[in-house]
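Colleague: Single-letter residue listing:
Number of protein chains: 2
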Amino acid sequence: MELTKQLAEAVLSADPLQDHRAVEMARHGLLDAAAAALAAKEDEGIQKLMALVEQEGGEAQIPVIGQGKKVSRQSAAMLNGYLIHALDYDDVHSDVRGHPSAVIIPALLSQLSDGKGFGDRFLAAYITGVEVMARLGESIGKAHYERGWHNTGTLGAIAAVCAIGYLKKVSQEELMKAIGFAGAQSAGMRKQFGSDMKPLQAGLAARTAVWSMDLACSGFGGSESILDGTLGFFSLYGDEERAESRLLDGYGTTWRIVSPGLWFKVYPFCSAAHHAADAILYLMKEHPFSPEQVKQVDVLFPPGGDAALIERTPSTGEEGRFSVEYVIALAAFGQTLALDAFTKKPISSQIRTWMKRVKRGYDQTIEPHPYAVPKGRFTIVKITLSDGTTISKRVDIPRGAPGHALSKEDIMQKLNSVTDASYAKQILQAVEDGNDSSYKQMLA
Amino acid sequence: MELTKQLAEAVLSADPLQDHRAVEMARHGLLDAAAAALAAKEDEGIQKLMALVEQEGGEAQIPVIGQGKKVSRQSAAMLNGYLIHALDYDDVHSDVRGHPSAVIIPALLSQLSDGKGFGDRFLAAYITGVEVMARLGESIGKAHYERGWHNTGTLGAIAAVCAIGYLKKVSQEELMKAIGFAGAQSAGMRKQFGSDMKPLQAGLAARTAVWSMDLACSGFGGSESILDGTLGFFSLYGDEERAESRLLDGYGTTWRIVSPGLWFKVYPFCSAAHHAADAILYLMKEHPFSPEQVKQVDVLFPPGGDAALIERTPSTGEEGRFSVEYVIALAAFGQTLALDAFTKKPISSQIRTWMKRVKRGYDQTIEPHPYAVPKGRFTIVKITLSDGTTISKRVDIPRGAPGHALSKEDIMQKLNSVTDASYAKQILQAVEDGNDSSYKQMLA
Numbered sequence: 001m002e003l004t005k006q007l008a009e010a011v012l013s014a015d016p017l018q019d020h021r022a023v024e025m026a027r028h029g030l031l032d033a034a035a036a037a038l039a040a041k042e043d044e045g046i047q048k049l050m051a052l053v054e055q056e057g058g059e060a061q062i063p064v065i066g067q068g069k070k071v072s073r074q075s076a077a078m079l080n081g082y083l084i085h086a087l088d089y090d091d092v093h094s095d096v097r098g099h100p101s102a103v104i105i106p107a108l109l110s111q112l113s114d115g116k117g118f119g120d121r122f123l124a125a126y127i128t129g130v131e132v133m134a135r136l137g138e139s140i141g142k143a144h145y146e147r148g149w150h151n152t153g154t155l156g157a158i159a160a161v162c163a164i165g166y167l168k169k170v171s172q173e174e175l176m177k178a179i180g181f182a183g184a185q186s187a188g189m190r191k192q193f194g195s196d197m198k199p200l201q202a203g204l205a206a207r208t209a210v211w212s213m214d215l216a217c218s219g220f221g222g223s224e225s226i227l228d229g230t231l232g233f234f235s236l237y238g239d240e241e242r243a244e245s246r247l248l249d250g251y252g253t254t255w256r257i258v259s260p261g262l263w264f265k266v267y268p269f270c271s272a273a274h275h276a277a278d279a280i281l282y283l284m285k286e287h288p289f290s291p292e293q294v295k296q297v298d299v300l301f302p303p304g305g306d307a308a309l310i311e312r313t314p315s316t317g318e319e320g321r322f323s324v325e326y327v328i329a330l331a332a333f334g335q336t337l338a339l340d341a342f343t344k345k346p347i348s349s350q351i352r353t354w355m356k357r358v359k360r361g362y363d364q365t366i367e368p369h370p371y372a373v374p375k376g377r378f379t380i381v382k383i384t385l386s387d388g389t390t391i392s393k394r395v396d397i398p399r400g401a402p403g404h405a406l407s408k409e410d411i412m413q414k415l416n417s418v419t420d421a422s423y424a425k426q427i428l429q430a431v432e433d434g435n436d437s438s439y440k441q442m443l444a
Numbered sequence: 001m002e003l004t005k006q007l008a009e010a011v012l013s014a015d016p017l018q019d020h021r022a023v024e025m026a027r028h029g030l031l032d033a034a035a036a037a038l039a040a041k042e043d044e045g046i047q048k049l050m051a052l053v054e055q056e057g058g059e060a061q062i063p064v065i066g067q068g069k070k071v072s073r074q075s076a077a078m079l080n081g082y083l084i085h086a087l088d089y090d091d092v093h094s095d096v097r098g099h100p101s102a103v104i105i106p107a108l109l110s111q112l113s114d115g116k117g118f119g120d121r122f123l124a125a126y127i128t129g130v131e132v133m134a135r136l137g138e139s140i141g142k143a144h145y146e147r148g149w150h151n152t153g154t155l156g157a158i159a160a161v162c163a164i165g166y167l168k169k170v171s172q173e174e175l176m177k178a179i180g181f182a183g184a185q186s187a188g189m190r191k192q193f194g195s196d197m198k199p200l201q202a203g204l205a206a207r208t209a210v211w212s213m214d215l216a217c218s219g220f221g222g223s224e225s226i227l228d229g230t231l232g233f234f235s236l237y238g239d240e241e242r243a244e245s246r247l248l249d250g251y252g253t254t255w256r257i258v259s260p261g262l263w264f265k266v267y268p269f270c271s272a273a274h275h276a277a278d279a280i281l282y283l284m285k286e287h288p289f290s291p292e293q294v295k296q297v298d299v300l301f302p303p304g305g306d307a308a309l310i311e312r313t314p315s316t317g318e319e320g321r322f323s324v325e326y327v328i329a330l331a332a333f334g335q336t337l338a339l340d341a342f343t344k345k346p347i348s349s350q351i352r353t354w355m356k357r358v359k360r361g362y363d364q365t366i367e368p369h370p371y372a373v374p375k376g377r378f379t380i381v382k383i384t385l386s387d388g389t390t391i392s393k394r395v396d397i398p399r400g401a402p403g404h405a406l407s408k409e410d411i412m413q414k415l416n417s418v419t420d421a422s423y424a425k426q427i428l429q430a431v432e433d434g435n436d437s438s439y440k441q442m443l444a
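For the record, the sequence lines run as chains Z and D.
Residue numbers are given in the numbering used here: position 363 of the first sequence equals residue 363, and the series is strictly consecutive.
Residue numbers are given in the numbering used here: position 396 of the second sequence equals residue 396, and the series is strictly consecutive.
Be a bit skeptical, because a hint or two may be false.
If several chains are the same, the list does not tell them apart, and a pair holds so long as it fits within one copy or across any two.
[Claimed, not checked] Capping the alpha-carbon separation at 27 Å, the derived lysine-lysine pairs in BS3-like fashion look like this:
hint	residue 1	residue 2
1	Lys70	Lys48
2	Lys440	Lys169
3	Lys48	Lys168
4	Lys345	Lys393
5	Lys169	Lys295
6	Lys345	Lys169
7	Lys48	Lys169
8	Lys5	Lys48
9	Lys375	Lys345
10	Lys70	Lys169
11	Lys356	Lys393
12	Lys393	Lys285
13	Lys48	Lys344
14	Lys5	Lys70
15	Lys408	Lys382
16	Lys69	Lys440
Because the hints were derived from the structure by calculation, they are not lab data.
Required output: the full structure, derived from the provided sequences and hints.
Modeller: Okay, here's the thing in structure tokens:
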């Protein structure tokens with residue numbers, strides 16, 4: 001099979017604008033990405049990155065979200081990708097097992113420099129990017145993530161280059177080569193989770209996509225079949241046989257941005273802890289208790305369901321983004337699960353001590369819900385109080401996930417929580433206007 | 001074990017300048033890299049890359065070899081890496097199974113912007129980079145390359161970041177983080193062999209190294225243990241257990257730049273075909289024959305010994321860099337195995353037809369020579385003439401390889417063949433002077 005060629009063909013010939021639900025979801029995605037990035041506006045990491053980019057220099061062409069500055073196209077892709085993913089507050093997609101919009105949107109924004117009129121094609125390109133990234137995720141198989149790859153990084157560059165290819169209506173040969181350049185630069189390690197480098201891996205994938213398409217359109221030589229064969233991308237990073245049956249099956253008949261759909265985050269931490277957060281908040285409301293009363297909290301996952309939650313004893317709020325122990329403890333102490341609990345500030349010793357009451361467990365005999373998000377996932381939080389009482393709650397689909405989705409009003413509420421009302425309204429207007437200068441300015 | 005920490009410690013505390021052979025070899029390496037890059041001065045790919053870099057913009061800080069232009073530090077690392085490796089005419093190292101200087105030298109040249117006085121420390125940093133890259137190659141194991149990774153790309157960024165760390169005397173913590181940033185961006189696929197992207201993968205590794213050290217020195221957050229554990233670099237790209245016993249064993253007691261040593265190329269094509277080239281040239285001299293007389297040429301490798309020679313029926317000279325069939329045919333037709341036979345020009349139909357007489361074979365029962373380069377390699381060329389006569393030649397150590405090394409005069413001859421005598425002399429002077437402005441200007 002010629003997967004690279006067939007992928008390029010499929011991407012360039014489909015028409016995502018026919019599906020109004022997909023278009024509507026793409027608008028939600030833009031609003032949510034703006035909210036995630038603006039929430040990170042004051043992040044320390046972005047200041048360091050901006051200084052490094054300034055030192056390197058470059059043409060001021062594309063705005064960096066919320067920073068009031070323009071930088072070169074490649075640098076903008078990197079910085080905007082970083083910003084959207086900085087707080088882990090951006091959308092995730094269960095097929096990707098990662099964050100599609102943090103890569104695809106910045107890569108597309110960096111194409112808005114040359115004054116071409118893309119209009120609604122911008123939304124169609126975004127839908128395309130999510131589609132390809134979801135299909136890559138399904139094709140690469142579970143083992144890819146489990147071995148230590150960061151799917152957002154490793155799958156993002158190829159997906160975003162397909163989005164750019166659709167946007168710019170490049171030739172099939174150019175797209176095949178661009179996929180090749182992106183594939184051969186794909187990287188990102190889960191070992192970086194919990195550090196500034198995690199969100200930067202999203203930004204780097206976006207930069208790679210912009211650069212790869214530039215290379216391809218310049219006529220620079222490269223493989224036109226990077227996905228194929230025993231030395232190809234799928235063999236190297238995953239499993240080629242699996243990809244052959246999944247990458248292109250039914251491309252364009254339904255859109256993954258709708259089903260299984262983007263998952264917009266209610267909480268600013270790793271999505272693998274959202275089920276547990278919903279569960280503990282439910283229990284606190286239905287069966288109020290104080291933290292002192294708690295003898296033990298058992299958090300039960302399917303095997304591997306907590307793989308992304310790499311911190312069991314975090315010392316800062318930032319590390320706590322990847323700790324179900326910290327999330328449970330915050331909630332138990334009645335603290336809001338909001339941005340200021342997940343900064344570089346040290347976690348109080350009171351909370352750190354209490355966190356030891358939280359134990360993780362795994363049960364492979366429990367049947368996952370057929371519509372669970374992500375597929376096969378659940379979390380059960382069982383609290384044993386000091387008087388021996390136990391209370392427990394199971395969550396299969398967390399709030400914000402497909403099947404329990406946020407409305408446009410919910411997303412606007414998220415946006416309003418991170419910026420002033422007039423700016424939030426301006427962004428909404430820009431997304432609904434849907435023309436190039438509005439897209440570009442919406443994030444300036 | 002804490003491999004990341006131990007590697008940073010070893011790199012920062014060793015003193016390569018104590019070994020005069022290592023220093024001399026480093027000087028040879030600089031001369032040879034200059035020759036390889038200047039041979040590619042008119043390459044089409046570099047023109048395309050320069051145009052893209054110009055479009056992106058940046059501070060003009062570091063010269064691009066032979067181009068009479070300066071670009072930003074990161075872009076210079078990328079472009080100089082591309083140039084050195086563009087024609088596959090640069091050094092290789094058998095422990096690396098790739099091209100150390102094409103990554104390490106450009107990464108170091110990009111540090112010469114700030115007017116600090118490095119002096120001989122520049123040579124020591126280069127020796128350090130080769131050392132780390134060789135040890136990474138030995139640690140990562142054969143399977144890494146065989147699966148499809150391009151070692152020059154995947155190992156180069158970490159090695160070059162160690163070289164920069166030594167040069168700049170960064171703190172151990174900074175180096176540990178820089179190794180982390182480089183490791184998490186490591187990429188490069190053999191699938192790109194035979195295209196412009198192969199040498200660019202060397203340049204991209206150099207760029208990643210420059211960028212990773214900048215990130216680390218800015219205080220940007222990242223893992224300080226990227227090499228370690230089940231999610232670490234060695235587990236993900238290779239085999240952690242192997243690395244634990246090999247990465248640091250005896251660091252600093254001998255230097256890999258001397259033993260097994262750099263291999264400077266006599267021919268401008270993939271080193272895996274050099275044994276066969278020596279063999280056919282020997283046979284033509286000792287037992288002259290015409291191409292028409294040849295019935296069949298059998299080229300015998302140990303199993304896997306021709307893995308890099310991915311082209312069996314090349315259609316251009318550029319593809320022919322990875323074809324033992326093309327190399328044998330050129331020699332049989334009495335053509336010089338020089339640069340102009342390995343360009344984008346189509347191969348003549350006469351040669352293409354004749355190439356079919358060349359057959360590859362594998363024999364695992366043949367004992368490799370104890371000092372074979374690379375370890376375990378040999379090539380036997382057996383020619384059957386139309387009258388039934390057979391002549392054959394076995395080569396274990398090709399000319400230019402350690403054990404059959406080029407002298408400084410040989411390397412100067414290579415340099416003289418690609419640039420005018422006065423410029424060659426100026427480069428030699430610069431390398432022997434060994435101060436920052438001479439290193440910087442030598443490649444301008």
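Colleague: Of the numbered hints stated earlier in the document, which are not met by this structure?
Modeller: 4, 5, 6, 9, 14, 15
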